[in-house]
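Hints given; two lone chains; assemble the complex.
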Amino acid sequence: MTDHTLPAVLSDEALARESETARARIQRRKNMIIVLRIVVLAIVLGGWEIAARAKWIDPFFYSQPSAIWGQLVEWMRDGTAQGSLWRQVAVTLEETVLGFLIGSVAGILCGIVLGRNKLLADVFSLYIQIANSIPRVVLGSIFVIALGLGMASKVALAVVMVFFVVFGNAFQGVREADKYMIANAQILGASPSQLTIFVVIPSAMSWILASLHVSFGFALVGAVVGEFLGAKEGIGLLISTAQGAFNASGVFAAMIVLAVVALLASYLLTAMEKRLLKWRPVDF
Amino acid sequence: MSPTPAIEFSNVSLRFIDAKGNATVALRNFSMSVARGEFVAIVGPTGCGKSTTLNMATGLLKPTVGEVRVMGQQVTEIDPRIGFVFQADAVFPWRTVLQNVAAGPQFRGASRKLAIEQAADWVQRVGLGKFGNHYPHQLSGGMRKRVALAQTFINKPEILLMDEPFSALDMQTRTLMQDELLQLWSGTGGSVVFVTHDLEEAIALADRVFVLSARPGTLKRVYDIDLPRPRVMSEVRYNEHFIELSRRIWADLREEAVLA
Ligand SMILES: Nc1ncnc2c1ncn2[C@@H]1O[C@H](COP(=O)(O)OP(=O)(O)OP(=O)(O)O)[C@@H](O)[C@H]1O
Ligand SMILES: [Mg+2]
Chain L
1 MTDHTLPAVL
11 SDEALARESE
21 TARARIQRRK
31 NMIIVLRIVV
41 LAIVLGGWEI
51 AARAKWIDPF
61 FYSQPSAIWG
71 QLVEWMRDGT
81 AQGSLWRQVA
91 VTLEETVLGF
101 LIGSVAGILC
111 GIVLGRNKLL
121 ADVFSLYIQI
131 ANSIPRVVLG
141 SIFVIALGLG
151 MASKVALAVV
161 MVFFVVFGNA
171 FQGVREADKY
181 MIANAQILGA
191 SPSQLTIFVV
201 IPSAMSWILA
211 SLHVSFGFAL
221 VGAVVGEFLG
231 AKEGIGLLIS
241 TAQGAFNASG
251 VFAAMIVLAV
261 VALLASYLLT
271 AMEKRLLKWR
281 PVDF
Chain Z
285 MSPTPAIEFS
295 NVSLRFIDAK
305 GNATVALRNF
315 SMSVARGEFV
325 AIVGPTGCGK
335 STTLNMATGL
345 LKPTVGEVRV
355 MGQQVTEIDP
365 RIGFVFQADA
375 VFPWRTVLQN
385 VAAGPQFRGA
395 SRKLAIEQAA
405 DWVQRVGLGK
415 FGNHYPHQLS
425 GGMRKRVALA
435 QTFINKPEIL
445 LMDEPFSALD
455 MQTRTLMQDE
465 LLQLWSGTGG
475 SVVFVTHDLE
485 EAIALADRVF
495 VLSARPGTLK
505 RVYDIDLPRP
515 RVMSEVRYNE
525 HFIELSRRIW
535 ADLREEAVLA
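Those sequence lines, one after another, are chains L and Z.
Numbered per the working numbering, the first sequence spans residues 1 to 284.
Numbered per the working numbering, the second sequence spans residues 285 to 544.
Hints in this document: simulated from the structure, not taken from any laboratory.
On a predicted model such as this, the values are computed, not experimentally measured, just so you know.
Mixed in with the good hints there might be a few duds.
To be verified - Quick list of in silico lysine-lysine cross-link-like pairs, DSS-like style, CA-CA up to 30 Å: (1) Lys30(L) / Lys278(L); (2) Lys346(Z) / Lys504(Z); (3) Lys30(L) / Lys504(Z); (4) Lys440(Z) / Lys179(L).
Chain Z with its partners taken away, still in its complex shape (with noise of 0.2 Å):
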């Protein structure tokens, strides 16, 4: 592994100022480091920080205290070897599918014709090779997160930032989700933060749990997950370890759900 990290954080506190001009705390003295090729996930109650701590990763968000570098850089913008999954729905509803997945290489440079035939590939990599030419308001929730992955993928990130992608799936789509990111991630050897609440896809899928404390948001604990892989979905949360991890996790995450 080398030796400087993907992402570091070292020490950061992050205040925002809302437009009456008060003062939040948002993150307090967070500190963390993720190495080249690791997957790590954060966990945490809601309003702790998780999510400002990707878009500071991002430059999105610049550190109030301390710093933020990634690949031995010191973060000041937006940096091309980053991929973002958001939260919320962010393709672009007045592009296909084709057309959203191959903005990427269209935003950095390709010709049109590359991009949507690389966009071509991707797109039938995640499934949705009958779908190029519809537009997302025809696709179903799990369906346009697929759409997501591609577009973000595409651009083959050497960090991927992912903001609890899956939580407004199902059960069953979700785990395939899962699966397929485990698998993309395993053939690109970038590293991975993945934000989540929940605790069992945090665990299943990193090789370290982030465990943050109620607002403001400070680590409270990292957890290494010695589950061996490759995983797989359905199956890895039955194993024995696995059941235990959790139940220790858990018991940190309960205090601090009573604390919020």
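Excised from the complex, chain L in its bound form (with noise of 0.2 Å):
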């Protein structure tokens, strides 16, 4: 009783002395997840890496970290077959910021113009969900005919990889604008371009944004398939010519590649999307 009764009066030395122990709380927490981070991982590449050597499995079908370091090791100081590995990566970052610009740019604007049309809308919400819904890498092979071994094919792909999904969540967050906010606006005296561009498209951002997110991934792959399934340089190419020599290390460490490349691309998303949204309030 006598431990846990509170001070009669909340001094603010007091209050400083328990924030103080509060932060240091939280501080030993986000430690302790870090280093539990760290033991998971050394967990499963140290496992992984015992396994092979061990023989448990096959190292020339699964490779194990230590060859695949080696094989990032050694593209970084000697190049690649196809020319230096940044080169490879340059290309594909081409290709992918391309197809994702040129995607996204297109799919907001048709979701914004197809949103405020209810005909449009009632008529194409149909073929969104169809072309959602169908497994759009397909197309890669008829770019490849149709565009060549270079860049435009891989960038074509990345695009139509992008643009439904950016064009269907803009065309959602469209239509779910409330209607009170743009009578609203309508009365307040917003003219129809003022109205969408003061309430349309900021209600659709954040059904936009997160579309952004995955598309990058998705532009991702669309140049990486583009040139898996013909090119001259690229990552994708850098995969289908390690499958071809029964590299499964090169396999790995080009996976390696296009992952730091994923990660930072998300990073840098996650931060425009802070900036954009931060009317909005923050999760309990």
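This is the structure we're talking about:
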């Protein structure tokens, strides 16, 4: 009883002491999570390495962390069979970013135009669903046939991958714009274009940003698959060459390079999202 | 008083056609005339067409039969002289208080700087001076309502339409807001149409109270509220005449509630 009774007066001093201990506790927890994450990584990679060395799994097919690391170091130091590693990353990144930008801008524009028009919306909503559910990667073959082995076919595939996702979300976001808010803006004096810029787009923004997150990954998949299907350079080609040479370590190493690219992009997009959506309440 | 009324409904009926094609009559043979500078309240059971009436005055809805005139002209589009305070929260969550209030002048062509200057003045007037840079989610419901009031008043509407603007507020805040409203209104000389569920609110605020019948809404009776102005919300409800009026109108409404 004596220990847990609250102090009669909450002095500033006592409060300061309490937030001091609270801060220390929060910091300890953060550190512990970081340590645990490292432990998990060490167990997975270590287990894999041990399993491969003990021949529980065949390193020829499944590779091993040390070999993958060796491959990465070799690529970085000596370059790959098709040129320097950075060149491959740059090529794939360029295709991805181009496809992402074209696809998302087009998707946002179409989504807004269709979302604002009831008839077009009713007609096209069915096709959006269909387009979103068919595996669009297959179109990559068509693009390679039609546009050749250069950059155009990869960008085209990335655009198609991105477009429908962003389009679908922008469309949905526009349709969900609150009708009272729209009426309010109209009565306050907004013209149709002001209505779109000041009300419809901001209210669709959280939908659009959510889709941008997913679709950068899609653009990357589009670019890599495009390269896979036929290309002269890029990470996708690196993977298919490694596959052809039964070089499992090469495939994994390329995968890691892609993962780093994707993580960096996701980090940038999150930062942008935070900035654009700072008006939103934080989650409970 | 000017001979042309601010708002005039003559024999208006409206039916809705829903997505399945079923027709519902929301309002039948409704007539109402609001003089310039007059404060009119509309009460009636839920679903009787009160919001519908206001929407027709803005031009957001068109009457099926009959005619709606604003300042003597038939309503064809949104009239810039009208202001509307919505029942639901309709402030823009991605704009700060100042930006929200500045929206009207900005939409109407004022420069950003001028709009923000005017908005600062209005934000001050509704008592949110310290909250200009807050976002709506950082405010309480009553504060958001004040933002909505400032947002509407900054356009200096000659006709102010309000759809149960205070129904979501607690008693104290509501009384405060009602006083604020009367004060803002008395300075403008504009007309007000105020829709509410709350009979006492209607009597306390208005010059005339229109009572609608249950769906499909028709005008049941109009009461003149000859209480002296200026009125103080916290006191007017103890006035004997107020109590008498309130008893009579209640009797009318109770019949309707039973029918509905
Ligand atoms: N868009 C619509 N489509 C079909 N029917 C509608 C539509 N809007 C309103 N109604 C119907 O019209 C009638 C009147 O609606 P209104 O919103 O004017 O009622 P109200 O008097 O404002 O009610 P409350 O006091 O609950 O706000 C209701 O019965 C409602 O069902
Ligand atoms: Mg209503």
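Lys30(L) and Lys504(Z) were given as a pair; does the straight-line alpha-carbon distance stay at or below 30 Å? 67 Å, violated
Starting from Lys30(L), check that the Cα of Lys278(L) is at most 30 Å away, please. Distance of about 25 Å is within 30 Å: holds.
Would the hint linking Lys440(Z) and Lys179(L) be met if the CA-CA limit is 30 Å? 24 Å, holds
Hinted pair, alpha-carbon criterion (30 Å max): Lys346(Z), Lys504(Z). Please report holds or violated. Roughly 22 Å separates the two Cα atoms, so the pair holds.
Consistency note: the structure conflicts with earlier hint 3 alone.
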